[in-house]
Amino acid sequence: MATKVKIEGLRKTFLLKGEHVVAIDGLDLSVSDGEFVSIVGPSGCGKSTLLRILAGLERHTSGHVSIHRADTDHPMLNMIFQEQSAFPWMNVADNVAYGLRMRGTDERTVAEQVRYWLDATGLTRFATAYPYQLSGGMKQRVSIARAFANDPEILLMDEPFAALDALTKTVMQDELLGLWEKTRKTVLYVTHGLEEALTLSDRIVVMSARPGNVKAILDVPFARPRDTLALKAEPRYGELYAQIWQLLREEVLKPEVKDAH
Amino acid sequence: MRTEKASGTVVVLRPEPPAPPVSMSTTGPLYIASPILLLAIWELVAALGWIDVRFFPPPSAVAVTFWTEIKNGAWFYHVGATLGRVLFGFIVGSILGIALGVLMGLMPFVRLAFYPLIAAIYPIPKIAIFPLILLIMGIGEASKLVTIAASCFFFLAVSAMTGVLNIPRVYLDVGRNFEASRLNFIRTVAIPAALPVIFSGLRLALGAAFLIVVSIEFIGAQQGIGWLIWHSWELFSIRLMFVGLLTVSFLGLLFMLILDWLEKYLVPWRL
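Heads up: the sequence lines are chains A and B, in that order.
Position 137, counted from 1, in the first sequence is what the numbering used here calls 137; the numbers after and before it change by one each time, with no gaps.
Position 208, counted from 1, in the second sequence is what the numbering used here calls 208; the numbers after and before it change by one each time, with no gaps.
FYI, nobody ran anything at the bench for these hints, they're computed from the structure.
Idealized CB from N, CA, C, for every residue including glycine.
Be aware that a few hints might be false.
Estimated spans, in silico, between C-beta atoms of each pair [to be verified]: (1) A:Gly122 with B:Val22: 52 to 58 Å; (2) B:Leu112 with A:Glu107: 54 to 60 Å; (3) A:Val171 with B:Val267: 28 to 34 Å; (4) A:Arg115 with B:Ile258: 33 to 39 Å; (5) A:Arg184 with B:Ile121: 45 to 51 Å; (6) B:Tyr115 with A:Asp174: 49 to 55 Å; (7) B:Leu253 with A:Gly44: 34 to 40 Å.
Footprint (simulated), chain B over chain A, 3 or more residues, beta carbon under 8 Å [unchecked claim]: (8) 35-45; (9) 53-60; (10) 189-200; (11) 229-236.
All chains should be modelled from the sequences, with the hints used to inform the complete structure.
And the structure:
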């Protein structure tokens, strides 16, 4: 498969109270077109920063990052954020239409796309509601619909379900899986949830504690389309879970490395 | 098995019947009861001679004067003059203030360049610069309008800037991530997100606009409610003075209600 995202020797330092803190140091990663890659790692390992760099919301300090752009009029990438990010001042339909309108799409196409994605995310009933009238899960559906409706080549998701209760989270994972299987976009998915990573991804990147780096990459061999429940009964699921858990445990227990530069 | 005699007391929690819905029909009477009661007491103590009616004419007497002023058209003449000044100054000053405030909130260099100036001029009562404006612009309507607009301008510049600076980062990120152009970003993110804070600025500015317009009309006008109040002092017509005071209070209330309605219409959302 063609390489979609190529990252080589990525380094990111932050200025924190006048000191340079190395958030990511020498990270290499390449993601194929249409691949679903999850990134797990201890808190502060720079996994969110990695997504923000790819999204163009932050610049890396050094290293090489390239994204292969298909010759289409699709936007390059959109991000789904962990926190409530649907605009509170727009109703659900206007939120979902946002990306399309910002790209100057004609209103007829906007209306069609909005109708389709409201339906696909179960939001049709709430089209004219404002986000404050919705539950946490529904609000996150708005953000997901907004990103999918914009139809980018790459989706970046930063712990999109972290703030949801366990039950809602499972339902949303199922729905996301369904949406993804229809579109097969390239996805980079940051999460703390190992089950989530195992359920959704083709590959799982385990990051080391700060300064962040790739500690291991594991293939998730389960066939698609996946059944979230049946998956958990597979012996390989438990093995992989234990293996990732062991890798993360080492990182969490590792004493923090103080780095001057 | 041995049964022990229970010690202590039983606490029974009282149930609460469902409350009737709160509506205008239940709160409405309460809303107007206190002003009416106050007027009634005033009328009564004036009739009993407990207060000096030369300074506190009874509401009925004020009402008679009010009616005379309305009938002979003088009231409309003065209200028209004051309203025109307040509306023009408030609208122009607020729009300019919002424009600069939003830019200050979004662009650090604009903020750095203007903030010290704004912070230094903001606390000066704008009535204090009226003589200076009079010197520059002469005794005409323009100097009055500029003074009122200036006082509104600073309230809105500060509140719009604060509103924009307090927008949660994630909404700014969404705007950038969906590649909103600068103008679209201001239109779809910065202004709507700052609108609740802008509205509190508008309320402050409105109060200031009335304060300034009455003060200006005291000293530098031949018409307007402020002039009416000042003139009635010169004539020692306390009733007329109360007509002026009531009119200012009524206009202020009316404008606040209009702002409330406008806010409900423009900010139908909550966080």
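To see whether the hints hold, each was checked on the structure:
About 34 Å separates the C-beta atoms of Gly122 of chain A and Val22 of chain B, a value inconsistent with the hinted range of 52 to 58 Å. In this structure, Leu112 of chain B and Glu107 of chain A break the distance hint of 54 to 60 Å, their C-beta atoms being roughly 40 Å apart. Restraint check, Val171 of chain A to Val267 of chain B: a C-beta distance of roughly 32 Å satisfies the suggested window 28 to 34 Å. Arg115 of chain A and Ile258 of chain B have their C-beta atoms about 37 Å apart, which keeps the hinted 33 to 39 Å range intact.
For Arg184 of chain A paired with Ile121 of chain B, a C-beta distance near 59 Å fails the hint of 45 to 51 Å. Restraint check, Tyr115 of chain B to Asp174 of chain A: a C-beta distance of roughly 51 Å satisfies the suggested window 49 to 55 Å. The supplied range of 34 to 40 Å is broken by Leu253 of chain B and Gly44 of chain A, whose beta-carbon atoms lie about 55 Å from each other. Using a Cβ-Cβ cut-off of 8 Å, 0 residues of the segment 35-45 of chain A lie near chain B, which falls short of the minimum of three, so the contact claim is violated.
Counting residues of the segment 53-60 of chain A whose C-beta lies closer than 8 Å to any C-beta of chain B gives 3; at least three are required, and the coverage claim holds. Under a criterion of three residues with beta carbons nearer than 8 Å to beta carbons of chain B, the stated coverage of the segment 189-200 of chain A fails, only 0 such residues being counted. Counting residues of the segment 229-236 of chain A whose CB lies closer than 8 Å to any CB of chain B gives 0, which falls below the minimum of 3, so the coverage claim is violated.
Checked against the numbered hints given earlier, the structure breaks hints 1, 2, 5, 7, 8, 10 and 11 and satisfies all the rest.
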